[in-house]
Amino acid sequence: MYRYDAHDQQLVNERVAQFRDQVRRRLSGEISENEFKPLRLQNGLYMQLHAYMLRVAIPYGLLSTAQLRALALIARRYDRGYAHWSTRQNVQYNWPKLEDVPDILAELAAVEMHAIQTSGNCIRNTTADHLAGVARDELEDPRPYCEIIRQWSTFHPEFAFLPRKFKIAVTGSSSDRAAVRVHDIGLRIVEDPDGPGARGFEILVGGGLGRTPRIARRVRDFLPRRHLLSYLEAILRVYNQYGRRDNKYKARIKILVDALGVDEFRRQVEEEWEHIRDSALELTDEELARVSGFFASPAYEALESSDAMIQGWALGSDRAFGRWVAANTRLHKQPGYSVVMISCKARGKAPGDITADQMDGVAEIADAHGFGQVVVTHEQNLVLPDIKSSELHAVWRKLEALELAEPNVGRATDIIACPGLDYCNLANARSIPVAQEISESIDDYDYLHDLGELTLNISGCINACGHHHVGNIGILGIDKQGEEFYQLMLGGDAGEDAALGKIVGPAFQRDAIAGAVRTVLDLYLARRESADERFVDYYRRVGAKPFKELLYARS
Amino acid sequence: MTQQMVTGAATADGRPIYMKRDHTWTDRLADGHVTLDQDELARMLQSARGDEFVVCDPYVIEVLVDRARPQPASLREKIRASGGPTIAIAS
Ligand code: SF4
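Protein sequences, first through last, are from chains A and B.
Sequential numbering from 18 applies to the first sequence in the numbering used here.
Sequential numbering from 473 applies to the second sequence in the numbering used here.
By construction, these hints were calculated from the structure, which means they are not laboratory data.
Among the hints, a few may not be true.
[As the list claims (entries may be wrong)] Chain A stretches covered by chain B per the calculated footprint, using a threshold of three residues with CB under 8 Å from any CB of chain B:
#, region
1, 73-80
2, 90-100
3, 114-127
4, 348-354
5, 437-443
6, 532-538
[What the hints assert, rightly or not] In silico DSS-like links for lysine-lysine, alpha-carbon gap of 25 Å or less:
#, chain 1, residue 1, chain 2, residue 2
7, A, K267, A, K182
8, B, K550, A, K114
9, A, K184, A, K267
10, A, K114, A, K184
11, A, K265, A, K54
12, A, K405, A, K350
13, A, K114, B, K492
14, A, K497, B, K550
15, A, K519, A, K267
[To be verified] From chain B, some residues computed to sit far from chain A (all C-beta separations above 10 Å):
#, residue
16, Q475
17, T483
18, R487
19, H495
20, T498
21, A502
22, D503
23, Q510
24, L513
25, R515
26, Q518
27, C528
28, A540
29, Q543
30, L547
In this text, a Cβ means the ideal position worked out from N, Cα and C, and glycines have one as well.
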C-alpha cells in the first residue's frame, strides 16, 4: 500500500499542529463558533445531535493492520469504544471531545492517516472497488490511480471552495462494485478500442444521489491514461466556474450537466482540456510505475486452485460454515486464495458499527492469515483480501468468536443504513432501528439465502447517505407533521446496470415499514421464475404492479 | 401557544445543553427555562449567542409542559434530550 514520504508526513503533521492551535483558541474563547466552524469542517469535525463527530479519511478504503489498531485505540481512548464505517469507505467517531481532537489527529498522523477533506465543498475521499487488486474480473488495479488522484486533489488550491462537495470513484473491473455511475465523476479502466493493450478510462460525469438523483452520463468513451489528471482538472474547472453557488440544492455537477446538456458540457470540458492536456499534469509511465509499485501483489504461495473445495464447503453438511462460505467469501485471482468479506451487519446491531475489540481482532486475523491489510467497503463491511483457502475454516472460527461472522454479505440483511435521527443533525427519521427491525424479522438463514443477492438501503433524509435510491429495495425516512414515515422504493441498482428505484406508493408508518419489506420479499420468493432470477431481475420483468397490489391491498 | 426554551450544543463536547432562567446552562432539559414570552425568548437567544465560549449554534425549541415537567415537542429534541441514540451502542 502507499506509504507517506517526508513531504506527506510533514504536511499532515503541520496540519495537526495548526488545528491544535485553532482548538486552543476556540476553547479559550479567542475565536467564535462561526470562525471556528469552517476550520473544524476542514478537519472532518462535524457537530451532530449529541456530540461532535470526527470523520477520518481511509483512502480508497485500504487500511494496514497498524492503522486499524490505531483506529481501535482511538475508539477506546477517546471515544465510547466503537466506530462506524461510512458509505464512503471512511470511519466516523461519534463522541470525541473537542479538546481531544488534536490528540486524535496526532495518533492518526503517526500511522499516516488524517481527516483532511472529509467535509466541505472540496474533492472528497476517492473510492474504489473494494476487491481492487484481488478481483478475478479485474482488468487493472484502480488503486494507483486513486492514490494519484488523492495526491493531486489534496489541498489543490483551485478546488478548495467548489460550489459543492465532489466525489470520484474508480473501478478496474467489469462488475461495478464501486458504484461509479452515481458519483460526480466515475472512472472505468478500459482497453483502448483502437490500440489493443493500451489502457485508459471511460469517463462518466454527473451521477449522484441526494435530492436530485442522477445516473452519470458518459462524457468520454476512452481517455488515454496519461491524460487522467489534466482531464479531471478540465472537468473540475468547468464545474468550478459554472456550477451554481446561489442554491446549495442545485450546486452539484449533475445539475450543471443537466442544465448544459451532456454534449455542451463535454464541449466545454474538451475546450478547457485543449489548453492543459500537454501540461505538467501529464501522468508519465515512470510516475504510474512508481505509484503502482506500492500496490504490487504480495508474495503469494504457488497453490492449486481451491474453487472446487470452496464449492464443496458452500454446499457441504456443515451448514453454518457452508452458509458463511457461500455468502462471505469471493473467488480470488490467485489460485488457492480467497477473499473474505466480514459482515458488520450482525442481526439486531447498528449497520457498520464496530467495536475496538473487534477491530483489534480483525487486525490479528489479517496479520496471522493474510498480508496485514484490510479494506473498508462502501457497503459498511470489511474485506480480508488475501486469505489462503485452506485457512478459511480457522478464519471463520475467529470471526465467529468476534461476532463478525454473520453470513449475509450481499443478502437482504446486509443493510446499508446511514446514522439517521439517532445521530445526525439533518435527519428526518431514524434509519438504524428500521434496519435492526428488518434484520431481526429475517431470522431464518434458509429464507435469507433463498432470497439470494439483494441490496436494501436506508437513508434518514433526502441527502441519501444510505444510498436508498440505488438499493434494490430502498427506504427513505421522511417527517410528516412530526411523525416518522418511510417511503419504499423498488428497482434501484448501484452496479453496471445502474438504476434509480421508484417509489412504490404512499409512505408507511414507522411500525409498518418492516412488515412492508417482508411483504415485498415474500412476494418475490413466491413468484420468481427460478432461484436464478434475482430480486432486481424479477422487478425489472414484472414492474411495481404486483408489489403495489399486495402492499396497498387493504387501503 | 406552545411554550419554548433555548438549547444548543456545548462547545466542549457537543452535548445538548439548555438555558436556565439566569441564562446559565444545564444538561437537563427539565431544568431549562420555559417561557411563552417572546420578548424574554429573544433576550435569552441574544444572551446565548453572546455565550459562544460555552454553547454553539443556540436555537429555540418547543416544549410541552406536563405537570410542571417540560418535554420536548419533536422527536428530534426528544432523542437529543435522552442523551444518546435510541438504539444500544456497539459493545
Ligand atoms: S442521509 Fe440524511 S439523515 Fe442520513 S446521515 Fe445523511 S444527512 Fe444524516
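Outcome of the hint check:
1. 73-80: violated (count 0)
2. 90-100: holds (count 3)
3. 114-127: holds (count 3)
4. 348-354: Three-residue rule not met by the region 348-354 of chain A, so violated; n is 0.
5. 437-443: Our answer is that it holds, as 3 residues pass the Cβ test (under 8 Å) against chain B, meeting three.
6. 532-538: violated (count 0)
7. K267(A) to K182(A): The given pair, whose Cα atoms are some 12 Å apart, holds under the 25 Å limit.
8. K550(B) to K114(A): Roughly 22 Å separates the two Cα atoms, so the pair holds.
9. K184(A) to K267(A): holds, 16 Å
10. K114(A) to K184(A): violated, 28 Å
11. K265(A) to K54(A): Holds, at about 18 Å.
12. K405(A) to K350(A): holds, 12 Å
13. K114(A) to K492(B): Since the Cα atoms of K114(A) and K492(B) sit roughly 23 Å apart, the hinted pair holds (cutoff 25 Å).
14. K497(A) to K550(B): holds, 16 Å
15. K519(A) to K267(A): holds, 22 Å
16. Q475: holds, 16 Å
17. T483: violated, 7 Å
18. R487: violated, 6 Å
19. H495: holds, 17 Å
20. T498: holds, 16 Å
21. A502: A502(B) is indeed farther than 10 Å from all Cβ atoms of chain A, at 17 Å.
22. D503: holds, 18 Å
23. Q510: holds, 22 Å
24. L513: Fine: 20 Å to the nearest Cβ keeps L513(B) off the interface.
25. R515: Holds, since 20 Å exceeds 10 Å.
26. Q518: Q518(B) clear of chain A: closest Cβ-Cβ about 15 Å, beyond 10 Å.
27. C528: Violated: least Cβ distance 4 Å, not greater than 10 Å.
28. A540: holds, 23 Å
29. Q543: holds, 13 Å
30. L547: It is violated; L547(B) is separated from chain A by about 7 Å at its closest Cβ, not greater than 10 Å.
Hint compliance for this structure: hints 1, 4, 6, 10, 17, 18, 27, 30 are not met, and every other hint is.
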